[in-house]
Structures are given as C-alpha cells and as structure tokens.
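Asks: Below, each chain spelled out in residue letters.
Protein chains: 2
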Amino acid sequence: MHRDYRSYSREELLREEEELKKEYERFRAMNLSLTMTRGGPCREQVDLSEGMLQVIDSGAKCFSGKTDIRNYGMLDGIPEMKQIFADLLHVMPENVICGGNSSLNMMYDAISRAMVFGTAPGFVPWSKQRELKFLCPVPGYDRHFAICEVFGIKMIPIEMTSAGPDMHEVREYAENDPTVKGIWCVPKYSNPDGTVYSPETVRAFASLRPAARDFRIFWDNAYCVHDLYEEIPLTDIFAECRSVGAKNMVYEFASTSKISFPGSGVACLVADEADILWAKKLLSFQTIGPDKINQKRHAAFFRTADGIRAHMKKHAEILRPKFETVEATLDRELEGRGIADFSRPRGGYFISFNQTIGSVRRAVALTADAGVALTPAGSAFPYHEDPYDRNVRIAPTFPSIEDLKTACELFSVAVRIAACERLLGMN
Amino acid sequence: MHRDYRSYSREELLREEEELKKEYERFRAMNLSLTMTRGGPCREQVDLSEGMLQVIDSGAKCFSGKTDIRNYGMLDGIPEMKQIFADLLHVMPENVICGGNSSLNMMYDAISRAMVFGTAPGFVPWSKQRELKFLCPVPGYDRHFAICEVFGIKMIPIEMTSAGPDMHEVREYAENDPTVKGIWCVPKYSNPDGTVYSPETVRAFASLRPAARDFRIFWDNAYCVHDLYEEIPLTDIFAECRSVGAKNMVYEFASTSKISFPGSGVACLVADEADILWAKKLLSFQTIGPDKINQKRHAAFFRTADGIRAHMKKHAEILRPKFETVEATLDRELEGRGIADFSRPRGGYFISFNQTIGSVRRAVALTADAGVALTPAGSAFPYHEDPYDRNVRIAPTFPSIEDLKTACELFSVAVRIAACERLLGMN
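Protein chains in written order, with this note's numbering: chain S, 1 to 427; chain L, 428 to 854.
Source of the hints: derived by calculation from the structure; they are not laboratory data.
One thing to keep in mind: the hints can contain errors.
[Claimed, not checked] Partner residues are not named here, just some residues of chain L that face chain S (Cβ under 7 angstroms, in silico):
#1 Gly467
#2 Val473
#3 Glu477
#4 Leu480
#5 Asp484
#6 Leu531
#7 Asn532
#8 Tyr535
#9 Ala573
#10 Val577
#11 Gly690
#12 Ser691
#13 Gln713
#14 Asp718
Quick reminder that beta carbons are idealized off the backbone N, C-alpha and C, glycines included.
Using the sequences and the accompanying hints, generate a full structural model.
Replies: Pasting the structure below:
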C-alpha cells in the first residue's frame, strides 16, 4: 500500500517525478515491442481448437441430414449449428440465423438493412428519417461506435453502473425521443468494464416502451460463455421480453470467434420471428448461404453447447493467470496512490483502467513511446471523447505472462509520471 | 431433322397435339422429381476438391509468412490468395480484396456501399440521388436483377448480341443519362447465353465516357476459368481501361464457388486503387477480416492460378458430356420444327433456350407439372418480364446424364405441346 500522491508536497512530487523518469528510461532502453490493444486470443487458446482443423476431412462428413453442405443453399445455416447457438443462448433454433465468421459483420448488416430497408416491412428506412440516435453505454466497444459514426447515427453516452447501463437514463431517452433507434449492449462481461448486467437491468430492458416503433436493442453477447472463474448466468432477455409481451425489440449477436478461431469462427443473429423473417428475406438478396462446412466443423468438434462450455474452461485456465498478473502488478505499483483504479472482471476480455486523476492520454502516450501499445485513450467513448481523460482498456489475453508483467510495470510508471505532472499542473 | 410446325395444317397440329399429350402422360406417370434450375456443381465436381478438406490440418499450417491466420486481421485477405486471383484475372494483387464465400455478397455490398456512402469520398450516395438506373443485358442473371430491385434501382434491358451487350445501346444510355449508374456484365460465358464478350466489346466498355461520374461496370467474371473445351481468353478490361486512361470505372468479381465448394469458396473484388482504398476503408467498419484459414486451404490446395486451370479441366470432363447430352437431346427432338433454338456454349453453366414461337411459360409449367423443375420462365429478365415469352435457362450441371436425357425429352414434349397450342391459337 503506497502513500496517496495527493498528500505529497510539491518537492516530494518533483523528486518522485525525477525518480520515475529514470525508471522510465530503463524501460525505454529495453526496446520493448508489445501490444495490449485488441482483445485477441493468444496462440495457446487458438491451439485448443486444433482438432477442428481435422474433424471434417472428407466429403462423406459434409452432410447435414441428407443435404450436401459443400453445395449452395441453407441461407440461415445448418440445423446442428443453429441448435448449438440456441442452447447456448436459451432460445429456439428457428430464432437463430448462423452466418459467416464475423458477428461484427452481422451487426453492421443489421444496421445497414435498417438504414436502407427499415426494421420491418412497411417501416420507413432509418436513412429516410430526419435524425437518428443511438444510446451508447460508456465506456463501451469502439467498433460499435464506429458503425454508428460511419452511418451518421448520433451517439448519446449513457453511464455504466455496476449493474449495467443506467436504466433511468436509458428509459428517459428511449421512451421519450422517437429519433432514438437503438442501444449497444454487451450484457455479459461488458467491453471494457467486465460488468454483467443484473437481472433487474435485463428486466428493465425488456420493459422498455420505446417511443420509436423501430427501436432495437443490439445485445452483443460476445462473452456469453467466457467466464474466467465460476459460470455467471445472464438473465435471458428474450424470456423477459416474452413475459411482458414485448416483441421484435432485441437483436442478439454471438460468435465463436473467441471460442474456436478468431478469424474463422461462426457468428449468429438471434431475434423474434418477424425480425428473423425480415432479415432472411433481405439476406436472400445478399447471399445464397454461409460457409456451411465451417459450421459443420464447429458442430462436429464441439457437438453440443455443453461441449463449448467444457472447452471454455480450458480457455479460462490460460486466461486467469494473465488477468491475475495484470491485477497483481497494477495493485503492487499503484494501490493507495489515489490516482487510479481498475475493474476486476470475472470473465470477458478486458480490464478497464481508470486514471482517476485524469491524464490517461499522457500515460498511454508515454507507454507507447517505450514500446508497449495500448488501445488509444478515449477509444471506449463515442467520438473518442472521454470527458475525464481517464479510461483505457487493457487487453491481457494475447501477450505472455512475462510480457504482461513488464508491460504493466512500464504502464504503472507512465501512469505515475502523468499523475505527478497533473498534480504539478504540468498537464 | 423434323418438319417445321409452321407448315402444319390445323388438322395436323391437332393430331400432333393429341399424340404429344399421350407422350406427356407417359412422362407424368414416371413420377419424376428432377431439377435443372440453378447452376450448381454436381457431387462429382465437388468431390474433385476433396483434398482441400485435409490440406490445412494443423495450426502449424495456418501461417501466412509470420502471421497466424487463425487470429484476427488481414482485412483484404491473405497475400497467397490475392496473388492467385491476381494471376487468374491478370491484375495486380494490390487491386484484389479477397472476401468470404460469396461473390454475390460482395456485389450486394458494393451496391450497398454506393447507396449509403457513395462510390468515392465526397460523392453523393446513390440513395440521396433523385433517380437510379442500371443497364441490364438480357437475358441475364436473375440475382443481379434482384439486387437492383431490392435497392429500388430501375433496370433498363439491353439486347445481347453474339459479341456481348449491344454497345451502341449501352453507350447511348451511359453517356447521356447521368442517372444511369452501372451495368451488370457476365463477360465470359454470360449467364445464360454463354457468350464471351468480343475484344471489341471489352474495348468499347473501356472507352465508355459515362455521364455519371459514379458509374461502375459490374464485371461479374463468374466463369473466368470455366471452359468446357479449349481455353477461350477474355480481353482484359483493366488493361483496356489503362490504355485509354479510364480509371475507377470497373468492379470485377470472381470466386471459387464453382471451382472448389459452392458454399465454401473464396470470393474477390478487383478494382482500381482508389476504388479499393474506399472499399477497404468502409469494409474496416464492417468486419475485422475474412475467413483466412479457408483462403489458406484454397492457396495450399491449388498453389497457383495454373493449379486452378488444371483443376478446371477435370470439371470440364465431367460437364462436357452433360452439356452435350442436353444439346443432342434437344436437337433430336426439336431440330427443324421451327419453334425453338438454343445456345451451344463453350463454357459456363447454362444453356439458354429460346422457344422462338413464344410460349415458353406454358412449356415450363407443363414440364414442372410432370416433375422436372426449370428456372421460372422470365427469370433472366428485369422484373421477370420476358417481352417475347421465349427464354428459359437450362442448367445441365447438377443432374446425372440419364436424368438430363429424360428431363430434356420431357421438356421437348412440353415445348412442342406449347407450340401446337400457340399455333392453334389456344395460348
């Protein structure tokens, strides 16, 4: 436990800064080249699915029932894969569309369809409406926000609480402003905070009565089975919607990108019947079908949702020590200094770091200059605008434990330098 | 050689019709269930790529240079696959984006991007323009026309000649009407006629000076290496464009759907530098990258463009007798009757059948009633409007030779019945 910087005298701060700069130079001299930017699985995780490369090794195995899946067709994917996603997400297979390798692409396409064709037959396409807004819980996922930005959808930040987005704010906007068309949610192990939405939050979502009839909740369940410790259940949003009679309000997304291969997984869209019908109708103009052999690889390798759950325990074994290394290193270097805190997630891919004293941009720049890349500060906010210059997302999954330790030590030094400078009025 | 129906007396026609109806009932009694609808490879063709299911069987083989292709990244595909497409299509790899399994999806996305974002930075999106038109050589590919229809792009039919689209018509429209934004072309073994555009036609395309600066030629080179007999070269459109200084006018598409696996191939977009940059920029919001392991499978299995060319000779050996069966059967049944003709393509996937006497809809319906599905008459025309009720596309690739013979015999009977009825003034 260190002493709080805010109790330091000016001289103490100057001395501290001088010491830290020397330490920083020692890191620079190491010529590091590390990255903790994106949430990519490491080689050992990817190796866990080695068997998937061999499981479909003949044409005879390329059948789904009597259908030769090497050929065209099956717009919404093979039944085996739909069943697995349905079981994982507690929905019915007929509510699932299995697509290609990217859930991001399915989210982009869902927005694109809403823009050009509307969310349902007869609805005015979003692009023909006067103004469009999306609610964006912050900190959040930069690629969600980028989709809004490229489509010209205005983003409204919503504060995250420990139970999920501030539902009072969400309700205020969604129920009173018909130009609010949607909200981005990562309901389990939110990116980057690692928050699991509470049952009350999920229920509050199901109970929303949006002013816009073409409002959709984008429920990006990217980390649905990505527990690091015990399995933490997420309340089922579709079940909650059914119980209050809400329909066609949720698009759920998931994928095996962080289960099998990040570049060669299978993604899915889950929605109510009418939403699925409309998506499939429009999809039929776009493609003849997804890569079904790859879906079959997944179905044959994992067999069931339980097969995936068992597989994820192996991922967790690799990832737990990495998360714990980051947490322990940051604790050791920063605890008690009164300049920072960070999330201690029970799953997902990120640790959300807050330089509470507000000069994280400087800390990230110093860290980068010494050879360790972090996600640019501000990335977790719409338009990259972090109002408090505070948040950065740490992705502990890809580097080795050794490298993580070094990177976090360097980062801690950078955070302390930036804090000294801030307290000295230099930034 | 049969006698021309048009020389039959009324009594002769009635007698002929009566005989044909008996023959037709014999076919109906066979309870056939065959399809010659879509251009799908048959099982034997798909089996040719069996080795592709085994070629990448370990993580160690999942590398492109030093990059682990199982992980995220490489937005425009792996270099090996870009090189193969570049060699096949006589372009540079930097002009190639390798995508997922569907060139149709890449075409749809190209239109979608133009609709929402415009064809280049600063250009007005198509969807914000007053009116949009596409030129559609007819007969053509129904899925091209369907994309126009769903996006509300008005289609103008252009007559096909034996050298490609009527370039006088194309020039008239494209160079004088700024609402004409594009044209669909299948330049080699056009769907369904099997026409290879002549060097003069390709040059005329390159020399177009469209009134719309955001005009694009959609060059769907679906059958670029799909020769049934000798290799027939297609004049290179990008080379011709370069030689006359035309830039950013062509989007070329190709895929391995009819080379490896129809549902699990690799598709590509080829374009000039600025068009590629813009596409990649927008693509970066849509996805993190395509399925690179599947691209690697293709690169490892085929190795080079020549590897693909050699592979296509095996396809041709399977397909040639099928095309010849259709041609021989139709010749035997219909030649000289003065009621029909059909294309005799040197490659591609279709035979274009014209019931010159103009009652093909009736013939297709009769054929379907007896258990043989053909593409609905009119499908090869925008809005399904065949002005002469004449054309139907026959896809000989999927059924067995035996089945093709039966199907064509039945179809010939149906064509003759429909012709008799037409000549008798009954339809």
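Asks: Quick check on L:Asp718 please, does its C-beta sit within 7 angstroms of some C-beta on chain S?
Replies: 5 angstroms, holds
Asks: Can we keep the L:Glu477 interface hint, with Cβ of chain S closer than 7 angstroms?
Replies: At 5 angstroms from the nearest chain S Cβ, L:Glu477 passes the 7 angstroms test, so the hint holds.
Asks: Next item in the hint list is L:Ala573. Is there a CB on chain S closer than 7 angstroms to its CB?
Replies: 5 angstroms, holds
Asks: Hint validation: L:Asn532 versus chain S, beta carbon distance must be below 7 angstroms. Holds or violated?
Replies: Since the shortest Cβ distance to chain S is 4 angstroms, the answer is holds.
Asks: With a cut-off of 7 angstroms, does the beta carbon of L:Leu480 approach a beta carbon of chain S closely enough for the hint to hold?
Replies: 5 angstroms, holds
Asks: Mind checking the CB of L:Gln713 against every CB in chain S and telling me if the closest is under 7 angstroms?
Replies: At 4 angstroms from the nearest chain S Cβ, L:Gln713 passes the 7 angstroms test, so the hint holds.
Asks: The hint names L:Ser691 as touching chain S; please verify it with the least Cβ-Cβ distance against 7 angstroms.
Replies: Since chain S brings a Cβ to about 4 angstroms from L:Ser691, closer than 7 angstroms, the hint holds.
Asks: Min Cβ distance, L:Val473 to chain S: is it shorter than 7 angstroms?
Replies: 5 angstroms, holds
Asks: Restraint: L:Gly467 near chain S, CB-CB cut 7 angstroms. Satisfied or not?
Replies: At about 5 angstroms, which falls below the 7 angstroms cut-off, the nearest Cβ of chain S leaves the hint on L:Gly467 intact, so it holds.
Asks: May I ask you to test the interface hint for L:Leu531 with respect to chain S, counting a Cβ-Cβ separation under 7 angstroms as satisfied?
Replies: 6 angstroms, holds
Asks: Restraint: L:Val577 near chain S, CB-CB cut 7 angstroms. Satisfied or not?
Replies: 5 angstroms, holds
Asks: Hey, does the L:Gly690 contact hint survive, CB to chain S under 7 angstroms?
Replies: 5 angstroms, holds
Against the hints set out earlier in the document, no violation occurs for any number.
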